[in-house]
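Turn these sequences into a full structure, and let the hints steer you where they fit.
So the sequences go chain by chain: A and B. The numbering used here numbers the first residue of the first sequence as 2 and each following residue consecutively. The numbering used here numbers the first residue of the second sequence as 2 and each following residue consecutively.
One should not assume that every hint holds.
One copy or two, either will do: identical chains are not told apart, so a pair holds if it fits within one copy or between any two.
Below 30 Å or equal to it, Euclidean Cα-Cα: the simulated DSSO-like pairs (lysine-lysine) are [said to hold, decoys possible]: (1) 262 with 250; (2) 106 with 257; (3) 7 with 308; (4) 78 with 8; (5) 308 with 157; (6) 308 with 177; (7) 99 with 257; (8) 257 with 7; (9) 78 with 317; (10) 262 with 166; (11) 99 with 319; (12) 319 with 47; (13) 47 with 250; (14) 257 with 67; (15) 99 with 258; (16) 317 with 258; (17) 7 with 319.
The hints are simulated quantities; they were obtained by calculation from the structure and are not laboratory data.
2 protein chains.
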Amino acid sequence: MSEQVKKVAVVGTGVIGNGWIARFLAHGYDVIATDPADGAEERMRKALDHAWSYVEELGLAEGASKERLTFEQNLSKAVADADFIQENVPEVEELKQKVLQDIDKYAPAEALIGSSTSGIMPSELQENLHHPERFVVAHPFHPVYILPLVEVVAGKYTTKENVDKARMFYEGLNMKALLVRHEIEGHIADRLIEAIWRESLHIVNEGIATTEEVDQAFTYGAGLRYAQYGPFLTFHLAGGEGGMRHMLKQFGPALKKPWTKLEAPELTDELYNRVVSGCEDQAGELSMSELDQNRNEFLVRLLDLVKDYWPEAQDKAKQ
Amino acid sequence: MSEQVKKVAVVGTGVIGNGWIARFLAHGYDVIATDPADGAEERMRKALDHAWSYVEELGLAEGASKERLTFEQNLSKAVADADFIQENVPEVEELKQKVLQDIDKYAPAEALIGSSTSGIMPSELQENLHHPERFVVAHPFHPVYILPLVEVVAGKYTTKENVDKARMFYEGLNMKALLVRHEIEGHIADRLIEAIWRESLHIVNEGIATTEEVDQAFTYGAGLRYAQYGPFLTFHLAGGEGGMRHMLKQFGPALKKPWTKLEAPELTDELYNRVVSGCEDQAGELSMSELDQNRNEFLVRLLDLVKDYWPEAQDKAKQ
Numbered sequence: 002m003s004e005q006v007k008k009v010a011v012v013g014t015g016v017i018g019n020g021w022i023a024r025f026l027a028h029g030y031d032v033i034a035t036d037p038a039d040g041a042e043e044r045m046r047k048a049l050d051h052a053w054s055y056v057e058e059l060g061l062a063e064g065a066s067k068e069r070l071t072f073e074q075n076l077s078k079a080v081a082d083a084d085f086i087q088e089n090v091p092e093v094e095e096l097k098q099k100v101l102q103d104i105d106k107y108a109p110a111e112a113l114i115g116s117s118t119s120g121i122m123p124s125e126l127q128e129n130l131h132h133p134e135r136f137v138v139a140h141p142f143h144p145v146y147i148l149p150l151v152e153v154v155a156g157k158y159t160t161k162e163n164v165d166k167a168r169m170f171y172e173g174l175n176m177k178a179l180l181v182r183h184e185i186e187g188h189i190a191d192r193l194i195e196a197i198w199r200e201s202l203h204i205v206n207e208g209i210a211t212t213e214e215v216d217q218a219f220t221y222g223a224g225l226r227y228a229q230y231g232p233f234l235t236f237h238l239a240g241g242e243g244g245m246r247h248m249l250k251q252f253g254p255a256l257k258k259p260w261t262k263l264e265a266p267e268l269t270d271e272l273y274n275r276v277v278s279g280c281e282d283q284a285g286e287l288s289m290s291e292l293d294q295n296r297n298e299f300l301v302r303l304l305d306l307v308k309d310y311w312p313e314a315q316d317k318a319k320q
Numbered sequence: 002m003s004e005q006v007k008k009v010a011v012v013g014t015g016v017i018g019n020g021w022i023a024r025f026l027a028h029g030y031d032v033i034a035t036d037p038a039d040g041a042e043e044r045m046r047k048a049l050d051h052a053w054s055y056v057e058e059l060g061l062a063e064g065a066s067k068e069r070l071t072f073e074q075n076l077s078k079a080v081a082d083a084d085f086i087q088e089n090v091p092e093v094e095e096l097k098q099k100v101l102q103d104i105d106k107y108a109p110a111e112a113l114i115g116s117s118t119s120g121i122m123p124s125e126l127q128e129n130l131h132h133p134e135r136f137v138v139a140h141p142f143h144p145v146y147i148l149p150l151v152e153v154v155a156g157k158y159t160t161k162e163n164v165d166k167a168r169m170f171y172e173g174l175n176m177k178a179l180l181v182r183h184e185i186e187g188h189i190a191d192r193l194i195e196a197i198w199r200e201s202l203h204i205v206n207e208g209i210a211t212t213e214e215v216d217q218a219f220t221y222g223a224g225l226r227y228a229q230y231g232p233f234l235t236f237h238l239a240g241g242e243g244g245m246r247h248m249l250k251q252f253g254p255a256l257k258k259p260w261t262k263l264e265a266p267e268l269t270d271e272l273y274n275r276v277v278s279g280c281e282d283q284a285g286e287l288s289m290s291e292l293d294q295n296r297n298e299f300l301v302r303l304l305d306l307v308k309d310y311w312p313e314a315q316d317k318a319k320q
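Dropping the structure here:
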């Protein structure tokens, strides 16, 4: 738990906002939430009840309690004495800018502001703030109270000190606070998710497969691997002893093939070297065979775990 | 185990071929392998030793034994009395066609042939065979002896009876034999993998992030979810009570944004309906809240499992 932050305000209590509330409470913070929608408080409390057994299982901080949550319809009051404000209003740039200006106006000048935006760049969101230096994008993943990733992106007015403070705050929530060093639409994670999503839509749109077939084609193969290693390390390992060097030799030419609607970049020597040395750096002290053994051990255990949780198994169990 | 298949021939003993060998042996088949490369037999036996402890942990069929593997340098002899032949030579179309013609020539006329090709369409591979009706694409995922998915694709000359036989054979290997109903480059799974891969390469190519940062951005968030649910069901759930309908309302406009280099299809009423009804069909008897609970329970257990297997943890454990 961060020493400087005692009270967190959550602005916008949809799926993501409610997910943050559960995570903040579980880590021992006082939380004050605000949302102008009818019935927002009731939905928020219901979502929290639903989430609580899972955050309990993951482990509560000392003093953590569901009772430390208040709802305040009025945004200006909600943020008035918060040390950290997490904004989660719908993904509409004008709306986000308006709400962020209100937060900026009513919150203490030194309070940090994190926006959960999926794809908007921080410099755009902070440009009309009086204190833009305390603003970061902090993009989490659903369900926020379970998944560890938060992408932290600074805008051009954000100070380094505040980025560091924000990252420490999120790390204190037992999260992986990944610093995204350059602003880009969709940050990093959503670009990858969006690429899968759009390719999937094309496949369904062209009548090649149903949504269920697409899901199965992903889940029962690559999806299992991605819980442990990302796209680069996965290909590094698929190359056998030769690693990424071998993969790029064998599948480099496939980058020119119409295997997806997405056109690949030219595999220049520079890109080749960057990818190969990147994978070798990532492997760190671990040899190929150690990475491979770890992958196998993990997958054997994962299969044993996941087999009862796949939709087919769940559906069958219910019948 | 299939009743009609006793002996399996494996042609090409690279990473994929060797993976198949371990899976076939573990399920109680006699296996004969062939590969013209120097040292292939030694590498194959080493790979099998490495794989064996994992297939043992997954469970061996009665009579399954590593001793039931023979290596035969000569392809014509290797396939001469096989009931099923799995081809895994490098992903070069001319080479695959040449090898498949040899298999077709020397194998019994009724033996089934499956090709592990990642992306080539079956009609192209079977067109010069004397018995094209017994040919299917059967595309597995690395490591083949652990991951359950195999995409089964018929070409235009493949008989329905043989597709069914092939699927039953693979299902007997404890695999998820997904019938890909239309031929398309990259089948289904590799199109999704390739979309992630190309987007990842763009990000590294443009200097936005390192390979490690891309991997982390994927693994610690979306990657965990994809072990259980595919891209469609994941978004269906992220929509909360409104499911995919809500998601498409909220994120449909984002399809026009430059969140990936991949251009999305137009979200027509027809596509909207297909995606929404597809997700609802997939959910089957399960309510949104049951799907959601299953997802949460799984993720909490997965986090507990995977935390020691992530590269950072492994690297730290070694130091």
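Here is what the structure says about each hint:
no.: 1; hint: 262 with 250; in the structure: both (22 Å within a copy, 24 Å between copies)
no.: 2; hint: 106 with 257; in the structure: neither (52 Å within a copy, 32 Å between copies)
no.: 3; hint: 7 with 308; in the structure: between (41 Å within a copy, 28 Å between copies)
no.: 4; hint: 78 with 8; in the structure: within (13 Å within a copy, 75 Å between copies)
no.: 5; hint: 308 with 157; in the structure: neither (46 Å within a copy, 34 Å between copies)
no.: 6; hint: 308 with 177; in the structure: both (27 Å within a copy, 12 Å between copies)
no.: 7; hint: 99 with 257; in the structure: between (44 Å within a copy, 23 Å between copies)
no.: 8; hint: 257 with 7; in the structure: neither (53 Å within a copy, 40 Å between copies)
no.: 9; hint: 78 with 317; in the structure: neither (50 Å within a copy, 45 Å between copies)
no.: 10; hint: 262 with 166; in the structure: neither (40 Å within a copy, 33 Å between copies)
no.: 11; hint: 99 with 319; in the structure: neither (46 Å within a copy, 49 Å between copies)
no.: 12; hint: 319 with 47; in the structure: within (24 Å within a copy, 44 Å between copies)
no.: 13; hint: 47 with 250; in the structure: between (53 Å within a copy, 23 Å between copies)
no.: 14; hint: 257 with 67; in the structure: neither (54 Å within a copy, 40 Å between copies)
no.: 15; hint: 99 with 258; in the structure: between (45 Å within a copy, 21 Å between copies)
no.: 16; hint: 317 with 258; in the structure: neither (39 Å within a copy, 39 Å between copies)
no.: 17; hint: 7 with 319; in the structure: neither (44 Å within a copy, 37 Å between copies)
The structure fails to meet hints 2, 5, 8, 9, 10, 11, 14, 16, 17 from the earlier list, while all remaining hints are met.
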